[in-house]
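Build the complex from these two chains, which are given one at a time in their own frames, with help from the hints.
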Amino acid sequence: MSEAMRRSIEASMPWLVVVGLLVIWQASVVLLNVPSFVLPAPTEIWAALLQYRGPIFQHATYTMISTMAGFGLGIVVGLLIGIMIGSSRLVYAGLYPVLIGFNSVPKVALVPIIVLWLGIGQPTAIATAFLLCFFPIAVNVATGLATVEPEMEDVLRSLGASRLDLIRKIGLPRAMPYFFASLKVAITLAFVGTVIAETIASNKGIGYLMIQASSQFRVALMFAGVGVIAVLGIATYAIFAAIEKRMTGWAMRGKR
Amino acid sequence: MEDFVTLDNVALRYGGAKGTLALSGADLKIRKGEFAAVVGPSGCGKSSLMKLMTGLQPPTEGAIHVDGAPVSGPLSITGMAFQNPSLLPWRTLLQNVMLPLEIVRPHRHQLASRKEEYLAKARGLLKTVGLAEFEEKHPWMLSGGMQQRANLCRSLIHDPSLLMLDEPFGALDAFTREELWGVLQDIWLEKQFTTILVTHDLREAVFLADVVFVMSARPGRVIATHRVDLPRKRTLETTFDPKFIDIVHQIRNQIAQIREDSKAA
Chain A
19 MSEAMRRSIE ASMPWLVVVG LLVIWQASVV LLNVPSFVLP APTEIWAALL
69 QYRGPIFQHA TYTMISTMAG FGLGIVVGLL IGIMIGSSRL VYAGLYPVLI
119 GFNSVPKVAL VPIIVLWLGI GQPTAIATAF LLCFFPIAVN VATGLATVEP
169 EMEDVLRSLG ASRLDLIRKI GLPRAMPYFF ASLKVAITLA FVGTVIAETI
219 ASNKGIGYLM IQASSQFRVA LMFAGVGVIA VLGIATYAIF AAIEKRMTGW
269 AMRGKR
Chain B
2 MEDFVTLDNV ALRYGGAKGT LALSGADLKI RKGEFAAVVG PSGCGKSSLM
52 KLMTGLQPPT EGAIHVDGAP VSGPLSITGM AFQNPSLLPW RTLLQNVMLP
102 LEIVRPHRHQ LASRKEEYLA KARGLLKTVG LAEFEEKHPW MLSGGMQQRA
152 NLCRSLIHDP SLLMLDEPFG ALDAFTREEL WGVLQDIWLE KQFTTILVTH
202 DLREAVFLAD VVFVMSARPG RVIATHRVDL PRKRTLETTF DPKFIDIVHQ
252 IRNQIAQIRE DSKAA
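These protein sequences, in sequence, are chains A and B.
Position one of the first sequence corresponds to residue 19 (our numbering), numbered consecutively onward.
Position one of the second sequence corresponds to residue 2 (our numbering), numbered consecutively onward.
If we strip away everything but chain B, and leave its shape as in the complex, we get (with noise of 0.2 Å):
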């Protein structure tokens, strides 16, 4: 399989020359259509890591890849989520999702033309997170669970190739997490996206995941890379399998390992 993604010994530094380096030698690649999680302490980077594979952020060094091209500003293939839902108080849940169409090209060109397709659409997609009879409720109304699943509605509305997530369930409690991994794995099981999901929860990342990178330590880079090559689709039971602790347990002596470090520097 092709690489869809690839770093190459990328590094970014905020705030001028002097300023805080973020990145450093940052490396990875991420195959198309392939699941892949980064890990790391905290600070380590990871947010700035999707900065810049989606183009609001240029590297300070290094090379960014995607599809074939290298990223030199916001690509329209993306579709992006972060922890925070931020969907727009003032629109229904209908119209923050369709919002992406109102956007991107050649999409919002056509919005007027082919609206009832892509209402339907919309409507379709809230359907699969189950969220179909909340549609024209405003975002407020809603419990934060919710909120997050009509944001990944947003994030897919335009059938992005590459989904950015950035600790899209991190502020949910733990049976809404659970519960939404396995509606983000149907999706992504059905579509077939490149995925790349940032997060701190080592379990998400390898119930999730094809492939997990770990993160060292401010400024960031890869240091480990591990496969996971548990059966689809995976369900809660599999969250208890002896192979699927291991991996957890293998990525969290390795963060553990990379905080004493930095500890200790």
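One chain only, chain A, in its complex shape (with noise of 0.2 Å):
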């Protein structure tokens, strides 16, 4: 096989397992005779898609408004506090036990909360998907900071730098890669955030759209808003995939 097909064959694998299991799945539903309302066959997933393109779209559209805006606060406060935990020692040891802790408490529990704060809406949506992913970049920044090679701190300390140099010039680039790769992770679970908290307390978004379709036992529609979250979620990671390749293609050296 030569290595321009191998590659192409490469590319079109995930395409060809996603359609392998529809066809397994269509396959399945119609010769084993499962009711729609247990599990809809794709085929009808699809008409519903269709027939209710436009409250979906809608819905869609203010769901990823809401995660983009968690996912923005994320950014800045991951950062900020990424750059706190990683440039110095006793922010981190004062405040990484904390994040830890913070971390573990499941943030379906802290919704609740955060509707009282915040009422009912897109608020309590752009917090929760804030709380989910702020985390994660905190943590991989702080680590790309902390994990510098002191000889390249050698270098420049020699030379008089400050601490302000030392984190413009070696730690902020150097922790570039491991930012960009926290980031593929945030954007997916700042998603699972706006979903949670507009299942819990939204009039609007996908999430609200999939409980009235629970209560009108409307399983076609709900599967198809499992497919949309899907594919918001695919659509934004391969975009910051992307974005983490051009920014930092020096710390993939030697791949394609």
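Hints are not guaranteed to be accurate.
[Claimed, not checked] Label-pair restraints from in silico Cβ distances:
no. : chain 1 : residue 1 : chain 2 : residue 2 : range
1   : A       : S106      : B       : R228      : 42 to 50 Å
2   : B       : I224      : A       : G267      : 48 to 56 Å
3   : B       : Q96       : A       : S106      : 26 to 34 Å
4   : B       : M142      : A       : V36       : 33 to 41 Å
5   : B       : R106      : A       : F75       : 56 to 64 Å
6   : A       : G245      : B       : Q96       : 31 to 39 Å
7   : A       : M86       : B       : E118      : 39 to 47 Å
8   : A       : R264      : B       : H250      : 38 to 46 Å
9   : B       : K116      : A       : V36       : 46 to 54 Å
10  : B       : T226      : A       : P168      : 28 to 36 Å
11  : A       : R264      : B       : Q258      : 53 to 61 Å
12  : A       : N121      : B       : A64       : 44 to 52 Å
13  : B       : T7        : A       : P168      : 25 to 33 Å
14  : B       : A121      : A       : I27       : 47 to 55 Å
Hints listed in this document are in silico derivations from the structure and should not be mistaken for laboratory results.
Keep in mind it's a predicted model, so treat the numbers as computed, not measured.
Positions of the beta carbon are idealized from the N, C-alpha and C atoms, including for glycine.
Right under this line is the structure:
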């Protein structure tokens, strides 16, 4: 097999798997006569998606906006906390255990409290998305900063570089691959946060749509909702993976 | 000639009052414009000596003077290169060489206005070491020897009057190493900055230096000083000169003796 052929097969593998799974799904539903309120066939889900494309699009946009807002907040706060705990041992000692403790709390448990403060609607979704996604960013940036080779720092310190110089010239550029890698994780977590908040406390968004569809037994619509979330998640992941590759090509040396 | 670097009875202890004593009673004097080499058995505190002289580490006892003033912190008149080239992988060679100018005063404030001049200087240095065509390459695309050349350029870009080299050629193969001795000697002959080379390669020390200091086992101190009065510019032929071989042998015997003694102790 030629190299080009092997590579094109490699690139189409995810699609082949998805198509394969859908075919198996469709076949088993038809052959085993599964009622559509238990598990609708892919064709039914597609029909629901087309039928409700207007409202689905509206709710998806709403979810997307909440997610992006929470993600944006997460980047800012995550970067700040990451820089602080990565560049100061004292802040690290004080803040890191607290962060770990905070991160081990299931965020769903926090949503009722957030609702109490921010009410039902978008602010709660944004806050939940933010709470879920800032942690990996902070930890990754801190790791990048804390693992700078001492020789690199010595070279600059011997020239009289200040702490700020060290962070700007070495720490931050070195932490960038860690930062962009964490963005891929954080964006998917932000989606999880938004949808969780929407299922509990919202009048809009894909999460809300799912709850509505569930209460009305529109199972195909629920699955359509899940599909839309998956597509949104994959799309944003791909965008940040592309940005990562562009910004930190030096860290992936030698790879295609 | 005046003394440019002096160490008076310097001691260095790591990790508090009960920690390891790396140096004890170290004395040495290096004249302005001189090329000095420090050799010794491994673990004798050669690298600690470097950290002291650049002000990265304060001494536990004793005094260190550079250019007549006591050392109390990092000095911008020093350039430094280590065994690990430690070039920044996200920068091109040219950007790496320019790095000290972004840190050292007064250059950092003139970077914008004198950009062309600085770039020309960095390119000139890269050319001297034979890297002119690689200036836009990233360090990890190049061999270890090439990286070490760029490292040398970086340590020289801000015209230091004191150059500190900590086993800069230690990780290179013999041919590249000998080639870089020549490159370093040429630059030094041209600019005449004071240089301190820490190395475990005795031929390297004798080839490059005017004066070789031999250190004892830990806690390190200077136990012998050898003046190398071989004519400049030295070539690889010099390394076969009986006088050269004689000096190398003397130093080797001294270090062998130190190792014996420390084993017996």
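Against the structure, the hints come out as follows:
{"no.": "1", "hint": "A:S106 / B:R228: 42 to 50 Å", "in the structure": "48 Å, holds"}
{"no.": "2", "hint": "B:I224 / A:G267: 48 to 56 Å", "in the structure": "51 Å, holds"}
{"no.": "3", "hint": "B:Q96 / A:S106: 26 to 34 Å", "in the structure": "28 Å, holds"}
{"no.": "4", "hint": "B:M142 / A:V36: 33 to 41 Å", "in the structure": "38 Å, holds"}
{"no.": "5", "hint": "B:R106 / A:F75: 56 to 64 Å", "in the structure": "58 Å, holds"}
{"no.": "6", "hint": "A:G245 / B:Q96: 31 to 39 Å", "in the structure": "46 Å, violated"}
{"no.": "7", "hint": "A:M86 / B:E118: 39 to 47 Å", "in the structure": "46 Å, holds"}
{"no.": "8", "hint": "A:R264 / B:H250: 38 to 46 Å", "in the structure": "58 Å, violated"}
{"no.": "9", "hint": "B:K116 / A:V36: 46 to 54 Å", "in the structure": "53 Å, holds"}
{"no.": "10", "hint": "B:T226 / A:P168: 28 to 36 Å", "in the structure": "31 Å, holds"}
{"no.": "11", "hint": "A:R264 / B:Q258: 53 to 61 Å", "in the structure": "59 Å, holds"}
{"no.": "12", "hint": "A:N121 / B:A64: 44 to 52 Å", "in the structure": "51 Å, holds"}
{"no.": "13", "hint": "B:T7 / A:P168: 25 to 33 Å", "in the structure": "27 Å, holds"}
{"no.": "14", "hint": "B:A121 / A:I27: 47 to 55 Å", "in the structure": "51 Å, holds"}
Violated hints, in rising order: 6 and 8; the structure is consistent with all others.
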